[in-house]
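Chains as they are written, first to last, in the working numbering: chain S, 1 to 115; chain G, 1 to 118.
It should be emphasised that the hints constitute simulated quantities derived from the structure, not laboratory data.
Hints are supplied without guarantee of correctness; some may be wrong.
Straight-line distance between alpha carbons at most 27 Å, and here's what the computed DSS-like set of lysine-lysine pairs gives [claimed, not checked]:
1) Lys117/G to Lys44/S
2) Lys96/G to Lys73/G
3) Lys70/G to Lys117/G
4) Lys70/G to Lys44/S
5) Lys73/G to Lys117/G
6) Lys113/G to Lys9/S
7) Lys117/G to Lys78/G
8) Lys110/G to Lys9/S
9) Lys14/S to Lys44/S
10) Lys78/G to Lys44/S
11) Lys78/G to Lys55/G
12) Lys44/S to Lys9/S
13) Lys57/S to Lys14/S
14) Lys78/G to Lys96/G
15) Lys113/G to Lys44/S
16) Lys113/G to Lys73/G
17) Lys110/G to Lys57/S
18) Lys57/S to Lys44/S
19) Lys96/G to Lys70/G
20) Lys96/G to Lys57/S
21) Lys117/G to Lys57/S
22) Lys96/G to Lys113/G
23) Lys96/G to Lys44/S
24) Lys9/S to Lys57/S
25) Lys110/G to Lys55/G
26) Lys70/G to Lys113/G
27) Lys78/G to Lys110/G
Beyond 10 Å from chain S on every Cβ pair, some chain G residues (computed) [said to hold, decoys possible]:
28) Ser12
29) Glu15
30) Ala16
31) Tyr25
32) Glu29
33) Gln44
34) Gln57
35) Arg63
36) Lys73
37) Ser74
38) Ser76
39) Ser80
40) Lys110
Where is the CB? At the ideal position from N, CA and C, for every residue including glycine.
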Amino acid sequence: NAGVTQTPKFRILKIGQSMTLQCAQDMNHNYMYWYRQDPGMGLKLIYYSVGAGITDKGEVPNGYNVSRSTTEDFPLRLELAAPSQTSVYFCASSYGRLAGAYEQYFGPGTRLTVT
Amino acid sequence: AQTVTQSQPEMSVQEAETVTLSCTYDTSESNYYLFWYKQPPSRQMILVIRQEAYKQQNATENRFSVNFQKAAKSFSLKISDSQLGDTAMYFCAFMKPNYGGSQGNLIFGKGTKLSVKP
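Model the full structure from these sequences, guided by the hints.
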């Protein structure tokens with residue numbers, strides 16, 4: 001049971017480039033999330049998904065896109081990278097809305113630098 | 001909107017001693033969940049302890065316990081018998097219950113950097 005996995009671990013992008021951050025979970029969780037963590041700050045929600053084919057915006061969605069074609073995968077797409085997107089990105093998942101099933105499990109993070 | 005405030009950017013404690021990290025939050029909800037997450041230098045987010053707002057009893061997990069004061073909207077973390085491995089950033093987080101399709105997202109404080117000294 002690998003839990004939540006993220007690739008790549010590190011990436012440097014040039015301004016204007018695009019990339020996709022990959023996230024996968026093998027716990028059959030319904031809910032998946034993308035957060036970003038800026039230096040000295042807590043995590044902020046970018047997008048989330050309540051199941052395959054269903055996504056919605058979080059607190060800081062601008063400059064990102066997501067899709068959820070399967071239960072297991074939840075990729076995050078950065079279009080036209082900007083220096084403001086330099087951050088550490090975390091993917092998380094949880095079983096869903098049942099009582100006691102709300103704990104979120106986090107991946108190891110992707111450190112992204114845009115120069 | 002809910003907010004979470006951690007007023008101590010950094011703290012230090014001697015090994016084997018006890019330390020308390022503070023957290024306050026603001027919400028109009030009556031039912032919610034509160035969490036403390038640990039982030040060591042490895043960057044992995046690790047759940048330390050959780051508290052359901054409808055439970056009056058304070059949660060305890062081994063050396064970690066909380067002091068949950070609902071009326072004061074306070075949720076402090078006490079670490080007893082501190083160990084070198086407790087050195088990490090600690091984040092307090094709030095979650096609204098996931099009813100009717102709402103997202104149940106975590107709202108984080110800015111964190112407290114805890115250093116355990118030998």
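Hint check:
1. Only pairs whose Cα atoms come within 27 Å are accepted, and Lys117/G paired with Lys44/S is rejected, the gap being roughly 31 Å.
2. A C-alpha spacing of about 14 Å is found between Lys96/G and Lys73/G, which places the hinted pair at or below 27 Å, so the restraint holds.
3. For the hint linking Lys70/G to Lys117/G, the alpha-carbon distance of about 32 Å lies beyond 27 Å, and the restraint is violated.
4. Among the hinted pairs, Lys70/G with Lys44/S is consistent with the structure: their alpha-carbon atoms are about 24 Å apart, no more than 27 Å.
5. Of the pairs offered as hints, the one joining Lys73/G and Lys117/G is violated, with about 31 Å between alpha carbons and a cut-off of 27 Å exceeded.
6. Only pairs whose Cα atoms come within 27 Å are accepted, and Lys113/G paired with Lys9/S is accepted, the gap being roughly 23 Å.
7. Restraint check: the Cα-Cα separation between Lys117/G and Lys78/G comes to about 17 Å, which is no more than 27 Å; the hinted pair holds.
8. Restraint check for Lys110/G and Lys9/S: satisfied, since their Cα atoms lie roughly 23 Å apart, inside the 27 Å limit.
9. Note on Lys14/S and Lys44/S: the hinted pairing holds, with a Cα-Cα distance of about 23 Å set against a maximum of 27 Å.
10. Of the supplied pair hints, the one linking Lys78/G and Lys44/S holds, its CA atoms being roughly 25 Å apart against a limit of 27 Å.
11. Distance hint between Lys78/G and Lys55/G is fulfilled; the C-alpha atoms sit about 18 Å from each other, no more than 27 Å.
12. A C-alpha spacing of about 19 Å is found between Lys44/S and Lys9/S, which places the hinted pair at or below 27 Å, so the restraint holds.
13. Taking the CA atoms of Lys57/S and Lys14/S, the gap is about 25 Å. The hint holds against a cut of 27 Å.
14. Only pairs whose Cα atoms come within 27 Å are accepted, and Lys78/G paired with Lys96/G is accepted, the gap being roughly 23 Å.
15. Of the supplied pair hints, the one linking Lys113/G and Lys44/S holds, its CA atoms being roughly 18 Å apart against a limit of 27 Å.
16. Straight-line distance between C-alpha atoms of Lys113/G and Lys73/G comes to about 22 Å, which keeps the hinted pair within the 27 Å bound.
17. Taking the CA atoms of Lys110/G and Lys57/S, the gap is about 21 Å. The hint holds against a cut of 27 Å.
18. Proximity of Lys57/S to Lys44/S is assessed by CA-CA distance (about 12 Å); at most 27 Å being required, the pair is judged to hold.
19. For the given pair, Lys96/G sits about 14 Å from Lys70/G by alpha-carbon distance, which is consistent with the 27 Å threshold.
20. Between Lys96/G and Lys57/S the CA atoms are separated by roughly 16 Å; this keeps the pair inside 27 Å, and the hint holds.
21. A C-alpha spacing of about 42 Å is found between Lys117/G and Lys57/S, which places the hinted pair above 27 Å, so the restraint is violated.
22. For the hint linking Lys96/G to Lys113/G, the alpha-carbon distance of about 25 Å falls within 27 Å, and the restraint holds.
23. Proximity of Lys96/G to Lys44/S is assessed by CA-CA distance (about 15 Å); at most 27 Å being required, the pair is judged to hold.
24. Taking the CA atoms of Lys9/S and Lys57/S, the gap is near 24 Å; set against the 27 Å cutoff, the hint holds.
25. Restraint check: the Cα-Cα separation between Lys110/G and Lys55/G comes to about 26 Å, which is no more than 27 Å; the hinted pair holds.
26. Between Lys70/G and Lys113/G the alpha-carbon distance is near 25 Å, which keeps this suggested pair within the 27 Å criterion.
27. A hinted pair counts as satisfied when its Cα atoms are at most 27 Å apart, and Lys78/G with Lys110/G qualifies at roughly 18 Å.
28. With a cut of 10 Å on Cβ distances, Ser12/G stays outside the contact zone with chain S, its closest approach being about 18 Å.
29. Every CB of chain S lies more than 10 Å from the CB of Glu15/G, the least distance being 26 Å, so the non-interface label holds.
30. A cut-off of 10 Å between C-beta atoms confirms that Ala16/G is not in contact with chain S; the least separation is 29 Å.
31. For Tyr25/G, the shortest C-beta to C-beta distance to chain S comes to about 12 Å, beyond the 10 Å cut-off, and the non-interface label holds.
32. Remark: the non-interface label on Glu29/G is consistent with the geometry, its nearest Cβ contact in chain S lying 14 Å away (cut-off 10 Å).
33. Residue-level check failed: Gln44/G sits 6 Å from the nearest beta carbon of chain S, not beyond 10 Å.
34. Even its closest Cβ contact with chain S, about 16 Å, leaves Gln57/G beyond 10 Å, as expected for a residue assigned away from the interface.
35. Interface exclusion of Arg63/G from chain S stands, the closest Cβ pair being 20 Å apart, more than 10 Å.
36. Listed as a non-interface residue, Lys73/G keeps its Cβ farther than 10 Å from every Cβ of chain S; the least gap is roughly 17 Å.
37. No beta-carbon of chain S comes within 10 Å of the beta-carbon of Ser74/G; the shortest separation is about 18 Å.
38. The beta carbon of Ser76/G is kept farther than 10 Å from every beta carbon of chain S, the shortest such distance being approximately 17 Å.
39. Ser80/G, annotated as away from the interface, keeps every beta carbon of chain S farther than 10 Å; the closest lies near 23 Å.
40. The beta carbon of Lys110/G is not kept farther than 10 Å from every beta carbon of chain S, the shortest such distance being approximately 5 Å.
Hints 1, 3, 5, 21, 33 and 40 from the earlier list are contradicted by this structure; the remaining hints agree with it.
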